[in-house]
Amino acid sequence: MDFSGYIRSDGSAGIRNYVLVLPGGLISEKICAFVPGTKTLAIAKSGGGMTSRDREAIARTFFGFGLNPNVAGVIIHNGSPGAGYPELRVERLAAELEKSGKPLEAIDVKIEGGTLETITKGIKLARKMVYEASKLRREPVGIDKLSLGVKCGASDPTSGMAGNPVVGYLFDRIIDAGGTAMFGETTEIIGAENILAARAINEKVAAEILKAVCFIEERALATGEDIRTMNPVPENIAAGISSLEEKSLGAIYKAGHHRIQGVLKYAERPFGPGLYFVDNWMGPNSIFPGYAAAGAQLTIFQYGGGAAARTVLDPSPAVTAPLLWTSANPSTYAVAKESLDFYSGTVIEGIESIEEAGERLLKLIVDIASGTLTHGETVNYCDPIEVYGLDPLF
Amino acid sequence: MAYKRGLMLNLEDNVANALEETLPGDTIQLSLNHEIITIYVEEYIPFGFKVAVKDIHCNTPIIKYGQQIGIANRDIRKGTLVHVHNMTGARGRGDLDKKREGK
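Listed in order, the protein sequences are those of chains C and Z.
Start counting the first sequence at 834; every next residue gets the next number (our numbering).
Start counting the second sequence at 100; every next residue gets the next number (our numbering).
If you're looking for bench data, these hints aren't it; they were derived computationally from the structure.
Where is the CB? At the ideal position from N, CA and C, for every residue including glycine.
Some hints here could point you the wrong way.
[What the hints assert, rightly or not] Just a few of them, taken from the derived set where beta-carbon distance is under 10 Å, the chain Z residues facing chain C:
no., residue
1, Lys103
2, Leu106
3, Leu110
4, Ile135
5, Gly147
6, Tyr164
7, Asn185
8, Leu195
9, Asp196
[Unchecked claim] Per the computed footprint, the stretches of chain C lying under chain Z, defined by three or more beta-carbons under 8 Å from a beta-carbon of chain Z, are:
no., region
10, 1053-1063
11, 1066-1079
One chain only, chain Z, in its complex shape (with noise of 0.2 Å):
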């Protein structure tokens, strides 16, 4: 079976790339430093949006980049897309600024 491609840039992340469209059923193969990360990929993501690269619980934070990117707003399976309907920023938030409660 052909592997899709897909890009990861940290070891601590927890979700990578899809570097072409990849349909429910196919398999991301990709390696970073030396390591080879396999994907099952369970829903449709287009090209350059993030898959799950492993279970990531609400409230917990996205890490790409080896960073912080949002926080996940519900369970998120791996091998499932993660993009604006799973997971919110957490900087500059001015609708939940508590400064602003009350006004």
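So that you can see chain C by itself, here it is in the shape it has in the complex (with noise of 0.2 Å):
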């Protein structure tokens, strides 16, 4: 099966076709204000007193969507906080970014003489980048070239029951084909841990799937809580889930069936084709933008929303890498039909299968990678992306 895709030269297949600014901040977002089909983080922690494995999933995060198919090309400067740390110096940001052979501009605030220098001369590069890409064209690519990230929120009974195993059924589809698969939220398998331990590829990567779970723990423990007063949260309950167990159960079914190949951390790209496990946190703008950092061209938010259908669903925050809006709940789709790019209540209502409802996800997968824009496409509108921190901030 084949898209539609721009071909980089580091082989990777793009959905899309954008130039990058790189670090977010005033002269990234006005450089970008000038010149269309270019994007740039937002992003309020940008590495200042923070630990060195921290800064590194900032710095993993810059150049991971710098090197991210959908991207064509990076401009990148050093005006920013967190810029003098080793981890984040343009230098090395720069080296990394160069891997690819894309096309890189790297500016240096200090050499222009300011802020609205910079700004000058990046608008003239971004210009320059963004019209020899525009020279690009799509080419029939196969679907062994795609990576998604999926992320389940506000989840229901639907969720368990429709919503995930049939993004369960498209992620088998899509490694079967030699693609990539990435699914994480730590906290959200306590409970099915064993269950996804006992599908690792090895026994390396099923102690480090328990041990990932065994610090979340741990942490939750030490907080004197009752976790269930935090997660599942109160939408979750609302809807009639009863435990944070039953959420995990309900939510590894989005996972699929095949073997995992690995545990990767926030915005650490995948070693190989296949299923990965992600040691991130559910927050929509940590999680969607440590996928895209991580390769994924497409996410994909499975949305129950039983108890708090919104109307407006978020643009992505993967601000690179399109969010396609999944749901099984009839309430959700009543509400939301006009953000809501796929509905799978279908199965509940017993009009399809899983495995039909799982064909129709996949070919409206194949579409929007071949240039038709999901919902969230049509908002000129991105939150700010949180980088996940392990550490305090000193």
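Put the two chains together into one complex, using the hints given.
Here you go:
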């Protein structure tokens, strides 16, 4: 099965064709405001007072976005806080980006002489890069080039019964074809970790899954609170989910049936095709950018919404990776038809099987990969991203 | 009499999900692995919520997906609602953490 994508110099295939300006902040925002076809990352914590492993997570996010197949070229500058740390120095980020062979321009604020001068230089470079990127044409490419990342949210009983299993079917099909798929949310595999560990490709990966859960559960215990007062969230409980274990056991259906090839850190690239568990956190503004930085061209939000159906579903916080919204809840479908990309409540209504709905979702994925917009892409807004840090701030 | 629709995911489960709003006096009938399971419903079960398919004793596991999803904290009669009022989770219970006692 083929989609129509942009072939990159590193052999990957983009489903979009953006120029990325890094890192976020005033300079990047102004360059992007002037030049269409550009994107940047708004980020609140930019490295200051953070531990080396958390700064490295930010660095992985920055160069990971640049390496994402949806990005045609990158402009990077050092006019942001945090740029003095070794992990976040422009030279270091540029060295990682150069490996892809993509067009890359680095601007030194000191050489340009200030903020306004850097913006001017950036605009000139961005206009040229966007112009050159527009000469690229989509070509047929196999779905084995696709990498997907999923999160389930506002989970309700329809998530475990239909929504997640349909996404799981899609993951199975993508991986059967030689593609890559990522799922995560470590807190939300508590109670289901042994099932996932049994699906690990080897004992090392199984141990890593259990270790990730142990780390999070120890932290939860240290709070002295019943985790049910934090997660499941009130919307989950109001919709009929009674415990974190129940939520987790429904959540893992989105991972399909394949073996788990590895456990990845936030924004870490998979080391081959197949299914990966990412040790990340559920927040959409954190998890989706993390998947994009790990190379996902497309992200999926499997939304329950039973107790809190939203009429406006958020555009992608993954910036360069479109976000596809799917739900199996009839009430969500009823109120959010304009925003929802896919409805799998047909499985609950007895109209379609999980396989039939999954095939329909696969077709939609191929369409979106070939250029059809997600509904979120018709909105010119993006939340700031939250890189998932593990340590306190100092 | 028209049956209400429900979903049970594993024969070991002691709860099923109501696939439509179900009232006292309704009957849910579902099939799983060619077995027909009938539940006489004794109280209101909202869409998607869980109903006990057998009597569940206090301090015994609630089973869904063939796995433990929590523990009953009172006796639960067959045909009644199973939710946070009569079951608790067993994981991430910082409030019960023995290591914190005396702190």
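Structure-based check of each hint:
no., hint, in the structure
1, Lys103, "violated (13 Å)"
2, Leu106, "holds (6 Å)"
3, Leu110, "violated (16 Å)"
4, Ile135, "violated (16 Å)"
5, Gly147, "holds (3 Å)"
6, Tyr164, "holds (4 Å)"
7, Asn185, "holds (9 Å)"
8, Leu195, "holds (8 Å)"
9, Asp196, "holds (4 Å)"
10, 1053-1063, "holds (count 9)"
11, 1066-1079, "holds (count 8)"
Checked against the numbered hints above, the structure breaks hints 1, 3, 4 and satisfies the rest.
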